[in-house]
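**Q** Protein chains in written order, with this note's numbering: chain A, 1 to 566; chain B, 1 to 566.
Read the hints as simulated data drawn from the structure, not as lab findings.
A quick note: this is a predicted structure, and the numbers were derived from the prediction, not measured.
Hints may contain errors.
No copy is singled out in the list; a pair is fine if it fits within one copy or between any two copies.
Stated by the list, open to error - Computed list of lysine-lysine pairs in PhoX-like fashion (alpha-carbon distance at most 25 Å, straight line):
id, residue 1, residue 2
1, K75, K509
2, K126, K223
3, K96, K107
4, K87, K424
2 protein chains.
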Amino acid sequence: MPQHVLIIGAVAAGPKAAARFKRLEPDSTVLMIDQSKTISYGSCGIPYYVGGDVSDASELRATSFHMVRDNDFFKEVKGVDVRTGLKAVQVDRAGKKVLVRNVDNGKEEYLPYDKLVISMGARVRKLGLPGEDLEGVHYISSLDEAILIREALTKGLVNRAVVVGAGFIGLEMADALADMWGVETEVVEITSQIMPRLVSPSLAAMGQRHMEEKGVVFHLNEKVVRLEGEGRVQRVITDRNEIEADLVIMAPGVVPNSDLAKEAGLDVHERGGVLVDEHMRTSDPDIYAGGDCVLVKDLITGQPLYLPMGSLSNRQGRVIGTNLAGGDAVFSGAVGSFVVKIFERTLSGAGLSLDSARAAGFDAGSVLMVQLDRAHFYPTKALMTLELVYEKGTRRILGIQGFGSTSDALVGRVNVVAGLLPHKPKVEELSNLEMAYSPPFAAAVDILNSLGHVAENAIEGRLLGVYPDEFHRLWEGDGCYFLDCREEADASPFLKANPEQWHNIPQGKLYERIAEVPKDKPILLVCNTGARSYEAQVQLVSKGYKNVQSAMGGMAGLKQWGEKLD
Amino acid sequence: MPQHVLIIGAVAAGPKAAARFKRLEPDSTVLMIDQSKTISYGSCGIPYYVGGDVSDASELRATSFHMVRDNDFFKEVKGVDVRTGLKAVQVDRAGKKVLVRNVDNGKEEYLPYDKLVISMGARVRKLGLPGEDLEGVHYISSLDEAILIREALTKGLVNRAVVVGAGFIGLEMADALADMWGVETEVVEITSQIMPRLVSPSLAAMGQRHMEEKGVVFHLNEKVVRLEGEGRVQRVITDRNEIEADLVIMAPGVVPNSDLAKEAGLDVHERGGVLVDEHMRTSDPDIYAGGDCVLVKDLITGQPLYLPMGSLSNRQGRVIGTNLAGGDAVFSGAVGSFVVKIFERTLSGAGLSLDSARAAGFDAGSVLMVQLDRAHFYPTKALMTLELVYEKGTRRILGIQGFGSTSDALVGRVNVVAGLLPHKPKVEELSNLEMAYSPPFAAAVDILNSLGHVAENAIEGRLLGVYPDEFHRLWEGDGCYFLDCREEADASPFLKANPEQWHNIPQGKLYERIAEVPKDKPILLVCNTGARSYEAQVQLVSKGYKNVQSAMGGMAGLKQWGEKLD
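Here chain A stands alone, though its shape is the one from the complex (with noise of 0.2 Å):
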C-alpha cells in the first residue's frame, strides 16, 4: 500500500534514504523539508572548496555526472518532492504530522506522515567567546559560511590565520590556507597533541612535524580565550600568547541536532543524539533517524558512538530507505575509520588508539612499526608507519593507526583492518592476512604481516618495544647505554655527534662483540626500522641480559617524530 514519508533534514542522510524508498516504493510519495535553501551538499568538500582544489561551490553540490542536486533534481530525477526554507518546530507523534515554520515569512502548517524521517544532522558547538562575533572569524557551519572564507582569501584580505582545533577540519583547513593561498597559519589547540584520542602521541607529533616543516605553527596544551579586533578581527588571545590573525577558523567540533527528537519524546542520549536500533529506527515504530543527529554502536566497545561523517551517513540513509520499504537493512554500528591529509602525508585510523582503548577498560597494549610500502627493490616506494592496539590477554585487535605519504596505500591498510575489526579478528589474522602481491603495490611480507609479526613478539614478551616519544624521554635521562646495531657507515655520524652516549656494533657482528654491551645498564637498541634491533634484542636476550628494549621504528620512526641526534 502506498506510504507518505516526510524527511527532515535533506544533507546526506535524507536525501539517500529518499531516493533508496522511491526505487523500491515507487507508488508511494516522499516529501523531504530543509530549512536551508542549499541541500544535499558534500560538506567534507568544504576544506577542498576553500582550498582551491575544488574551483566552484556548485560541484559539491553536484553529482558525479554534473547534475546541481537542487529541488528539481531530486523531483525530476528521483521522483522526491523538495521543499526548503522550511523549519521544523514540533513532532505531532499521536497525530502523525510535523509543525513546520517558513524562515522567510514565519507562517507556520502542518505536515503529515505515514513514516518520518529525521536527518537534522549535526551544528557547530560555539564556544561563546568574547569577539566571536568579529568580521573574519568562521565556524565553519554550512556551505554558505566556506564561501565567505573563500572570497575573503581571493580578495587578498588574509595574510595570517589562526584555526581554533586540531581534529579533522581544523587540520584540512589549515593545509588549505597554507598550501594553496600561502597564509601564515597558526593552530591553537587545547590539549598536548594534533587528533586527540585519535592517535598516540607519536604518530600525533609525525603528522605536527610534517605540517611545521609546510611553515604551520602549533599552539598546543593552549585555550583561546579572546578574539580581538575593531570590526574585523585583529588578533587571538589565549591563555599564554597572543597571535596576530586576520581570519579566525573556529573547528571545535560539533553536536547533534536531537532537540526536536527530545521534545517529541523520542529515546536521546543525555550528552545528545538521537538513540536507534540496528534498523536505524528511533523509540517511535514509525520515526527513523539517521546521519549527523543520531550515535551508533561503537562497535569495539559496545558504548554509543557519535560519529558524524558524510559516508556513514549515506550508508544510514540506504538502510532506511530500505526499512521504510517493508525491508530488513541492518546498520550494525561503526569502528570508527578515519583518514586526513595534511599536505604530503596522510593520517589514518580505525578502531581505537591505545588511550581509547585503555579509557575504555581494556587492558591493552600497542606496537609501532615502519617499513617500506612495497617491494624495496621497486623505484617508487615510501615509508609507513603503523600502530597496533590489541587486548593483551585475548591477542583481539582493537585498532590500527598508521601515517604515511599522502597515497591510497595507508588508507589502504587501514581499511583492511576496518573491514576485519566486526570479526573481533586476532593479531594472528593480521600475520596471516593475504595481500595482493606484486612488487609495485607491496613487500612480499606486506607491513600488516610485519605489523602482526611485531604484535605476537610483543604479547609474547619477545619484543620489548619503545615509542619515539620515550625513547626521546630515555635520550634526555642518562640511564641508557643506546646501541645502535646498523653497520658502521649509517652509524658514525651519530657516533660522531655523540661520543658518550652513542654506540656502535653491526647486527651481525653482536655475538663476537658482546663482552662490549655492559650488564650493568638498562641496554636501548636502534637499527633504521626495528627489525635488526629485535634481532639483536634476541640475540642479547640468549646470553643472559636482563633489561634490553628496541626502539620501534628506528631511526626512521624517530625522525619523522623529530629527534636531533646527529
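Position chain B against the provided structure of chain A, taking the given hints into account.
**A** Positioned in the frame of chain A, the structure of chain B alone reads:
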C-alpha cells in the same frame, strides 16, 4: 633441548623458516642447502629487473637496508649455516638423513636432521617445442636466466619479442619489453583471453585493450607449435601465424618440485604438490614443507590449491619456523589474492572469478560496476571497474576482481575483500563496509559499498544487468531497443553516429516521455556508469515494462572494453 634442522631450498620459505626458528631457539642449529649458488632472491622482481626499474640484479637479493642475503649474511646476521651447490637426492626418513650431491664434483654425502623442511620451490613447465633450445629462447626459471635476457636487451640484440602465455609473468614481461626497451612485442595465448580463469572475459578485454594501445599485439586462441631460427631464434610458428622474433619468453607457468617428497613416501597430490596440514606439516611429523612446492587449502572451495607466490611462501616459512620451535602457528589456506601492473593499469582480484566459481560447482552470479575511486569533486581521480562474484542462494561473496589505474586504490579495495573472504561474508557486508572517508581518498559512498548495493539489487531481481561483452553481442544483433538515458548533450554524438539504433531520453524525463519507449522489444538502457540506467530500469518496470536490461558499467565500461559506438 637444542635440535638440528635441515632445510632443503633457500629462496623464500626456507630462509624465512630458518630465521624465525633461530630467533625462537637461538641454541638450536640450522643448515640450509640449495642446489643453486644464488639464494634468497625475490623472483617476483625479475620482470622489473628485465624492464630496468631495478637497475642491478643484486638488489633482488638485498635486504631493505642494502645487505646482500648471501651465505655469510645468513651465518652472521641470522645464525643460519648455508651450503649452496648441493642437490638433495634422497630423504632417508627412517635414518633421519638426506643424501645430497655436490653439483660441481658429483660427490655425495648424508646430512642428518632432527626436523626437516622441504622448500624446494617450483620449476617452469617446459612445453618441449621444437626449437626451444635456440639462442634467445628463455623460460623465466631463475635470476641467472633474467640476467641473460637483460644482457641481450642492453646489447640491442632484441627488436621483436614474442611472449608465450598471458598470465602474470607473461603480461609483466610484455610490459617490461615494450615499455622500457621499445621492443615490438606480441603475446601468444592458447585460451580466449588474458589472465584466464582469474578475471572475467570483460575485465580481461579491458586489460588487453590498454596493452594494445601501448603497442602490444595479442594472438588469442593460438597455439605455438615450433620455434625457428639459425643459432638464434628468428620466428615463432603458431597454428595460425608466423611471428618474427629475436627474443622469445616462455611463460606457461610452473609446477611444484615435489618429486623428492613423493619418492620419500610423503603424501603428494596426484597432479604434484606436497600435501601439508594447517601447521605446514607433511604426512611425516618430523618433516615440514612450504612455498612453491606445496598445495594449500582454497578457503573458498575447500579444495587443494596451487598458488606459487612469494608472499605466501614467506608467511608459510614463518609458520614453519614457529612450529619447529614447538609453537602452534597456523596457515589456514589462501583465497588467491593477486595484482598485476600492466603499463598504466592494474588488474587485481581475490577469490573466484565467475567462471572459476561455476567450475567449482557454485550457483554463482556476478555484477560489474564502474565508479570514481574518490570524491567526484576532488581534482585527481580515476574510474575504477570492479566485479563481484557471489553465490546466489546464500548471498555469500566468492570473489572480487577489478581493473583500474596503476595506483593503490584498486588493490586497496581488493585487499579489503581478500581479508574478509575467510569469514565468508555476504554481499550486505560490502554495502555496510566502513572505508575510511575523506574526499582525497574515497567517495562518501565508496565503490565497495556501491558494489554491494549493485549485487543486492541483482540478487533481488531489481537490477537486470548486462556485461560489456554481452552488450556487444546484443549490439551486433538487431532485436534490442537501445535507450541512452543521459542528458541530450552526452547522447547526441551516438545518436548521430547510429540514427537507427540509438535512442535518447534523459532519465529525469523518462516518466513524461514514456510513450516513446516500445513495449514490444527488449530495452537495453545505457548511461555513463550504470547508476542512471538502473534508476530508469526501476522506472520502466514500475510502469509495466517486462524485458528491460541495464548496461553495467555504462559507457565508461564499454569504452574500456573497446566498444566503438560513435
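**Q** Now tell me if each hint is right for this structure.
**A** Here is what the structure says about each hint:
1. K75 - K509: between (75 Å within a copy, 11 Å between copies)
2. K126 - K223: The answer is within: 14 Å in one copy meets 25 Å, while 73 Å across copies does not.
3. K96 - K107: within (20 Å within a copy, 94 Å between copies)
4. K87 - K424: neither (43 Å within a copy, 46 Å between copies)
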